[in-house]
Amino acid sequence: MKNIIFPAVAICFATILNAANMPDMSAYDQMFNDLSKNRAGLSNEQINKLKSPFPTIKQVESIATESKPNSTVGNTLNAILIDRVKVNEKWYKVGDYIGSYRIMEIKSKSIILSNEENNMELKLNQGNQNVVITYK
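First residue of the sequence shown? That's 23 in our numbering, and the numbers climb one at a time after it.
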């Protein structure tokens, strides 16, 4: 009989201690009730009047001007990458115009430019570094 009474008393005692240590849940219930209430925000009119927090960049359309036939003077071929070329720090492809000249062909170390009057070849300037990039 002692074997049954002692565990039963221990379980009752543990349950009472556990109940005494439980936090007061009414504070949490109040927080959840506050969250479930409808909160008033801004109206659509007020939202529309707000200024955007993101900066906007206004794009200015450039007006194409009549260029001279030798408008490639000063153009520098910076890079060639498969079917694209970088001339004067801008990327182009076959068929694009640089001034009055159209890119007709992209070679491994130069490009062919053409307009109504003449053809021109811009060569890639590797500078003093002579960097060669190969891939497999």
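There may be inaccurate statements among the hints.
What the hints assert, rightly or not - With a Cα cut of at most 27 angstroms, we get these calculated BS3-like pairs of lysine-lysine:
| hint | residue 1 | residue 2 |
| --- | --- | --- |
| 1 | K131 | K108 |
| 2 | K108 | K129 |
| 3 | K112 | K59 |
| 4 | K131 | K115 |
| 5 | K129 | K145 |
| 6 | K129 | K112 |
| 7 | K108 | K145 |
| 8 | K112 | K71 |
| 9 | K145 | K131 |
| 10 | K131 | K80 |
| 11 | K115 | K129 |
| 12 | K115 | K73 |
| 13 | K80 | K59 |
Honestly, the hints are just simulated from the structure, not real lab data.
Against the structure, the hints:
With a C-alpha separation of about 12 angstroms, the suggested pairing of K131 with K108 holds against the 27 angstroms cut-off. At roughly 13 angstroms between alpha-carbon atoms, K108 and K129 fall within 27 angstroms of each other, so this suggested pair holds. For the hint pairing K112 with K59, the CA-to-CA distance comes to about 57 angstroms; that exceeds 27 angstroms, so the pair is violated. A C-alpha spacing of about 15 angstroms is found between K131 and K115, which places the hinted pair at or below 27 angstroms, so the restraint holds.
Our distance criterion of 27 angstroms between C-alpha atoms is met by K129 and K145, whose separation comes to about 9 angstroms. A C-alpha spacing of about 18 angstroms is found between K129 and K112, which places the hinted pair at or below 27 angstroms, so the restraint holds. Our distance criterion of 27 angstroms between C-alpha atoms is met by K108 and K145, whose separation comes to about 12 angstroms. Note on K112 and K71: the hinted pairing is violated, with a Cα-Cα distance of about 39 angstroms set against a maximum of 27 angstroms.
Pair hint K145 plus K131 holds up; C-alpha atoms about 6 angstroms apart against a cutoff of 27 angstroms. Restraint check for K131 and K80: not satisfied, since their Cα atoms lie roughly 37 angstroms apart, outside the 27 angstroms limit. Between K115 and K129 the CA atoms are separated by roughly 12 angstroms; this keeps the pair inside 27 angstroms, and the hint holds. The straight-line distance between the Cα atoms of K115 and K73 is roughly 40 angstroms, outside the 27 angstroms bound, and the hint therefore fails.
Distance hint between K80 and K59 is unfulfilled; the C-alpha atoms sit about 43 angstroms from each other, more than 27 angstroms.
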